[in-house]
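Number of protein chains: 2
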Amino acid sequence: MHHFSVWVPRRHKVSVVVDGSTYPMQGPSSHGFWTADVEKAVHGSDYAFLLDDDPNPYPDPRSFWQPKDVHSFSRVLDHRNFAWTDEKFRAVPLPSAVVYEMHVGTFTPGGTLDSAIERLDYLCELGITHVELLPIASYEGNFSWGYDGVAPYAPDETVGGPDAVKRFVDACHSKGLAVILDVVYNHFGPAGNYTGQFGPYYTEKHKTPWGAAINFEEGGSDEVRRYFIDNALMWLRDYHFDGLRLDATHELIDRSALHFLEQLSREVEDLSASVGRCLVLIAENDLNDPRVVTSREANGYGMDAQWSDDFHHALFSLLANEQIGYFRDFGEIGQLAHTLKHVFLYDGRYSQYRQHSHGRQVLNLSYHKYLGFIQNHDQIGNRAKGERLEMIVGMRKAKLAAGVVFTAPFVPMIFMGEEWAADTPWMYFADFEAPELRKAVSEGRKKDFAHFGFGDDVPDPEDPQTFESSKLKWAELDEPKHHEMLRWYRDLIHLRRKTLSLNLGDMHRMDVEHSEESRWIRTDRGEIRTCMNFAETATAFALPPGSELLLSSAEAPDREPGGVVVPPLSMAVYRMPARPVTVEPPQ
Amino acid sequence: MHHFSVWVPRRHKVSVVVDGSTYPMQGPSSHGFWTADVEKAVHGSDYAFLLDDDPNPYPDPRSFWQPKDVHSFSRVLDHRNFAWTDEKFRAVPLPSAVVYEMHVGTFTPGGTLDSAIERLDYLCELGITHVELLPIASYEGNFSWGYDGVAPYAPDETVGGPDAVKRFVDACHSKGLAVILDVVYNHFGPAGNYTGQFGPYYTEKHKTPWGAAINFEEGGSDEVRRYFIDNALMWLRDYHFDGLRLDATHELIDRSALHFLEQLSREVEDLSASVGRCLVLIAENDLNDPRVVTSREANGYGMDAQWSDDFHHALFSLLANEQIGYFRDFGEIGQLAHTLKHVFLYDGRYSQYRQHSHGRQVLNLSYHKYLGFIQNHDQIGNRAKGERLEMIVGMRKAKLAAGVVFTAPFVPMIFMGEEWAADTPWMYFADFEAPELRKAVSEGRKKDFAHFGFGDDVPDPEDPQTFESSKLKWAELDEPKHHEMLRWYRDLIHLRRKTLSLNLGDMHRMDVEHSEESRWIRTDRGEIRTCMNFAETATAFALPPGSELLLSSAEAPDREPGGVVVPPLSMAVYRMPARPVTVEPPQ
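Just so you know, the protein sequences line up as chains G and R, in that order. So the first sequence is numbered by UniProt numbering: it starts at 1 and just counts up by one. So the second sequence is numbered by UniProt numbering: it starts at 1 and just counts up by one.
Take the hints with a grain of salt, since some may be wrong.
Treat identical chains as interchangeable: a pair holds within one or across any two.
What the hints assert, rightly or not - Dumping the calculated DSBU-like pairs for lysine-lysine here, alpha-carbon to alpha-carbon at most 35 Å: (1) K13 / K447; (2) K205 / K471; (3) K207 / K439; (4) K439 / K40; (5) K397 / K447; (6) K473 / K446; (7) K498 / K439; (8) K341 / K439; (9) K341 / K481; (10) K175 / K481; (11) K205 / K397; (12) K40 / K498; (13) K439 / K88; (14) K175 / K68; (15) K439 / K471; (16) K207 / K473; (17) K205 / K439; (18) K207 / K447; (19) K205 / K446.
Calculated from the structure, these hints are not laboratory results. The model shown is predicted, which means the values in this text are computed figures rather than measured ones.
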């Protein structure tokens, strides 16, 4: 027996078709739910809904399983059927984390979660604590970044389907790795989205980059909010994920007195208490608003952390000298220094790119509320040809960048393959079916890059070869260049993990100095001094006598009286001799 | 000499025409401003702007003076030309206020600010402390509620123009009356709005009931925000207003890290310090979100107060038994009792009318953050025929309602004429010029009310008679009924002003009990017990021996052992004998 329930507030008749037989549903309840208990429906039964007199059977918006594709019947899934072995696992807390962003389809040649399991030992050895999967909710076609999902509750079959997700999480946990899932609550993909047939999932009151906004404010929004919050709870409870990364939360447009994000963080905290595991919420957010990661007690939304874009942009623009798009707002040494100390560069100041003042100062928060990175899926994949950092700036600067990320106070994150300066690009790809949508996506991509001077050489996202050539080539690891970079990342990660001062979240414990003209930044955190030289020439840094070199991204600096000379475009980390502990007063 | 400055960020050529001569302007500056110093332009010079090759001269979006109409030339105005006499005036603080909402055009037969001045002694005697003017920013036509303004900086000529505003405020101040101005920052009226010619004042990202939202978020929004904030500062600084009432602030759609309302409250606080006067901001807001009146230090928007709609709806629906529109969500005794104790009834609970959960609990705020009323311009004027409360429910219930308002813990507000149960309706009226707009407004009004069973008898807003018949008839005051009501209001106001306990803002000092079945509410605040009987029968209330009747809205209650019997549909206020002062712990 299976109990079917579906929210269809504005229809007059709803039925469920189960393995070929049709059963009328009872409803609607006062809030628009229809229900039916079907005796013969069990784990594995295929079903769909009939709405009014529309002859098309629609898949369940809350489908746990879309075995064929996003347009076809849903399948009943009983989460109790999986034999978990991870009861003893507890995740490292987020402030101590090293996050590894992974796209399953291109992580291994096989492109599935099961083949990804074979690489987990490698991640452990690297020092990773958290794997963050790009979205895996079902989408149309055989490959996708995942942001075009239309069945948020159903893991896509191309990565292995529901059971593969559980096997993957269980395997990660058995190795001590936590797993975070990227979820998309700001839109549905353009193909295979049938939610509009069921209820008011959208509102025309607000527009997002993807069209009408999700309805968080209007009639029916309680149920829409539940739809996404229950989804979050499902991943955390039934799939044992340790956290969620929430895509573009600034497009969750919600004027309600209780913002969706706050409601979500309340409920995840309760679930966390109930399952006895630490569960985290990490937001992507473009507003530079400290409210996102401020506690609910202080009238914030209570997210555990947020991606720190200004830090990325400031660092990238120094290395790549790019001044297009949002990089217009960056390019100065002092700006990177500012983000290292204050998180947001745009903390209320005017942005040329945005043409308005942007953001707000971060005050009384820990650095651990922010993730720092120099590469991620967007920063690589949204380039015309999906070039990774090292392809753009070379090994020397790429190593400098990694050194900055891992000595910065933010929770570090890397994108798969970054750690060995993979030679494979990671491009934008999508596999829509309808010819007009394929064409629109392909031509839209070309058009996006045409005014940056690109022509027909922009790879076609709909070409399977674009997907194939984005797959990591693990054999690269045998080559000296890649091995050198991997060793650098491993050294940085291990240094960070064993050095208390590199893990301090207290903003008052971070001293940052810089010179715009001489292009250097020096940070002190406890006994750790980091010397970053962005100049094309060697640069002297002061150091107390007895300081010990821990790591350097290039040739070891020469000692000189009172300090060292750090080679061009490199950084070095020192442990200064013990000094009396002083607690600095808040400024 | 006059310095002209105008924000026109996306044009290539801007000129200013002054008294018939054209002067090219210099610009644009990096933020899109154009300027010109014109020697012969002085106070009283007429001017307009020419944009690119468009031959139409456009009035200044920041025009201080539109002597002819909203479509014609602006006039230079030097605010220093007025001789203020109010340097000694200081407003009563908002928590002690009694607010009187006034529409200038219908307050007196003359319909001007100068004729309103003649009635100020009356208001003083009544006990009013704050006059709140409906919007006076210039609009098209000869009469308007004021919410269709298109020149926010220019007081409309039909109420007397800029100097009349200063005369009015100065006269109020000379009598000890503070003046609040209603301002509309969420839209421009449909006729005479030329701001779109000048810059990106709107965004298509969000829709409001009036169309595209004001641009508080996107490119150019710094200047749009300044446009409205400078407007607020102008009224407070140059016209000596003591505060502003902000129309429908939930439609100021702003995801920025610094919300427009918070930016405004910051700047008004600074102006307040600079001018040495107490300046207040009162928001209308439909979100039931305590954040609006929460201090900025606690991550709120820092408004001084907000209109308390749930209290109105709960009280009105008890008296009028109306269950249409938002009154569907009200109608129970316990709901009114809840608003008396907790401000918002919809504090996160589900609203049938809205079809979603609404609002949030008010915690750790003073009652003085909320204004309480049983009538206002919207509640009267948005009825099909503009009926005032007494016309709907009769004298007895109207007196009961006023008694509830003035013994409630909120800052009380009344709508002009309410205090004598005026027999004149106050209807919706507007005087647009274009025939198609007139027709749309007239027919839209009929259509709005058609599904409530109204036919062609809905008064035509565009008919001058609708405006004329909405004017107060002061001769009514000689009639016994009106005199009786006026005395009741005066007694209530005077009782409140002289009774400390009726002015307590502390939510912990308010005890509320009620019976749904017997339809009564009893509140205790300090030594004051208020007995409200909403039943058609007399109802017994307990009272300690020695209690003194202060006021009753109908026949004086009969004493009986242990208490009193309050007559049907009436209320009575008692002072209980002194008891030891106890400070109750927070709950």
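Against the structure, the hints:
no. : hint        : result
1   : K13 / K447  : between (45 Å within a copy, 31 Å between copies)
2   : K205 / K471 : neither (40 Å within a copy, 37 Å between copies)
3   : K207 / K439 : both (24 Å within a copy, 31 Å between copies)
4   : K439 / K40  : neither (44 Å within a copy, 62 Å between copies)
5   : K397 / K447 : within (31 Å within a copy, 68 Å between copies)
6   : K473 / K446 : within (27 Å within a copy, 71 Å between copies)
7   : K498 / K439 : neither (51 Å within a copy, 76 Å between copies)
8   : K341 / K439 : neither (46 Å within a copy, 61 Å between copies)
9   : K341 / K481 : within (33 Å within a copy, 71 Å between copies)
10  : K175 / K481 : within (28 Å within a copy, 85 Å between copies)
11  : K205 / K397 : neither (46 Å within a copy, 40 Å between copies)
12  : K40 / K498  : neither (57 Å within a copy, 75 Å between copies)
13  : K439 / K88  : neither (50 Å within a copy, 73 Å between copies)
14  : K175 / K68  : within (32 Å within a copy, 80 Å between copies)
15  : K439 / K471 : within (23 Å within a copy, 64 Å between copies)
16  : K207 / K473 : neither (40 Å within a copy, 49 Å between copies)
17  : K205 / K439 : both (29 Å within a copy, 26 Å between copies)
18  : K207 / K447 : both (22 Å within a copy, 29 Å between copies)
19  : K205 / K446 : both (30 Å within a copy, 25 Å between copies)
Violated hints, listed in ascending order, are 2, 4, 7, 8, 11, 12, 13, 16; each of the other numbered hints is respected by the structure.
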